[in-house]
Amino acid sequence: MRYDPLTRLLHVTIAIGITVQMLVSLVMVYPKPGRLPNEWFAIHETLGVVLCGVLATHWLWSVLRTLVSGEPMRLFPWFSRSRLSELADDIRATVRELGRLRLPNGEGTEAFPAVVQGLGLLLGLFLAGSGTILALGMAPDGTMSSLVHAIKEAHETAAPLMWVYLAAHPTLGILHHLAGHKTLDRVFGFGGRSNQQ
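First residue of the sequence shown: 1, per my numbering; consecutive thereafter.
Hints listed in this document are in silico derivations from the structure and should not be mistaken for laboratory results.
Check each hint, because a few of them may be wrong.
[What the hints assert, rightly or not] Label pairs and their computed distance ranges (CB to CB): (1) A179 x L23: 42 to 48 angstroms; (2) A56 x V116: 40 to 46 angstroms; (3) S80 x I16: 18 to 24 angstroms; (4) A159 x L136: 33 to 39 angstroms; (5) V12 x P72: 22 to 28 angstroms; (6) V116 x L23: 19 to 25 angstroms; (7) A179 x V49: 25 to 31 angstroms.
[Stated by the list, open to error] In silico lysine to aspartate or glutamate, EDC-like type, Cα no more than 20 angstroms apart, as pairs: (8) K182 x D4; (9) K182 x D90; (10) K32 x E110; (11) K182 x E97; (12) K32 x E45; (13) K152 x D4; (14) K32 x D185; (15) K152 x D141.
Backbone N, C-alpha and C define an ideal beta-carbon position, used for all residues, glycine too.
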């Protein structure tokens, strides 16, 4: 998968922002009635709102690129029969290669990696969006309506999935790169001019 310069900038910004968010979540004190938050919570809240904007921009840019190019969206193939077929073929090829104790070489449709990235972006957008609702709908002392409380519960339930994604996604990219697949070159544009995704 190759990225245009704006997608590359958005990808790096999201990667750094989500990593910082997850690390800050380990030290922040969440407000509750009778307990005030610490400064880490304010950082988490502010950065989350900023990331919501960056993630929304990424999705809008992806849709715009798709409309201009006429290609179906790689990150979100769920409503395209041909893209779902490509995804199924790519998953079968991946399973075959893993059965031979090899990493897929990334040549072919690249539908599976694109969908994995799309799911990560959806998860990030959900966390940032629900966090933005919390930032706007929660009183400074932590009191909130029942709807905002339900959103808070969903936000906290989804957060561990981001830890899994944050561990797996870059690790797999590095493993592919070490296997000679030039993954990082394609994503970050190392080694020459990159084509658009």
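Verification of the hints:
1. A179 x L23: 42 to 48 angstroms: violated, 28 angstroms
2. A56 x V116: 40 to 46 angstroms: violated, 20 angstroms
3. S80 x I16: 18 to 24 angstroms: Once the Cβ atoms are compared, 31 angstroms apart, the range 18 to 24 angstroms for I16 and S80 is violated.
4. A159 x L136: 33 to 39 angstroms: violated, 19 angstroms
5. V12 x P72: 22 to 28 angstroms: holds, 25 angstroms
6. V116 x L23: 19 to 25 angstroms: holds, 22 angstroms
7. A179 x V49: 25 to 31 angstroms: At 38 angstroms between Cβs, range violated.
8. K182 x D4: Roughly 17 angstroms separates the two Cα atoms, so the pair holds.
9. K182 x D90: holds, 19 angstroms
10. K32 x E110: violated, 45 angstroms
11. K182 x E97: At roughly 18 angstroms apart (the allowed maximum being 20 angstroms), E97 and K182 satisfy the hint.
12. K32 x E45: holds, 15 angstroms
13. K152 x D4: Status violated; Cα separation ~35 angstroms.
14. K32 x D185: violated, 46 angstroms
15. K152 x D141: holds, 15 angstroms
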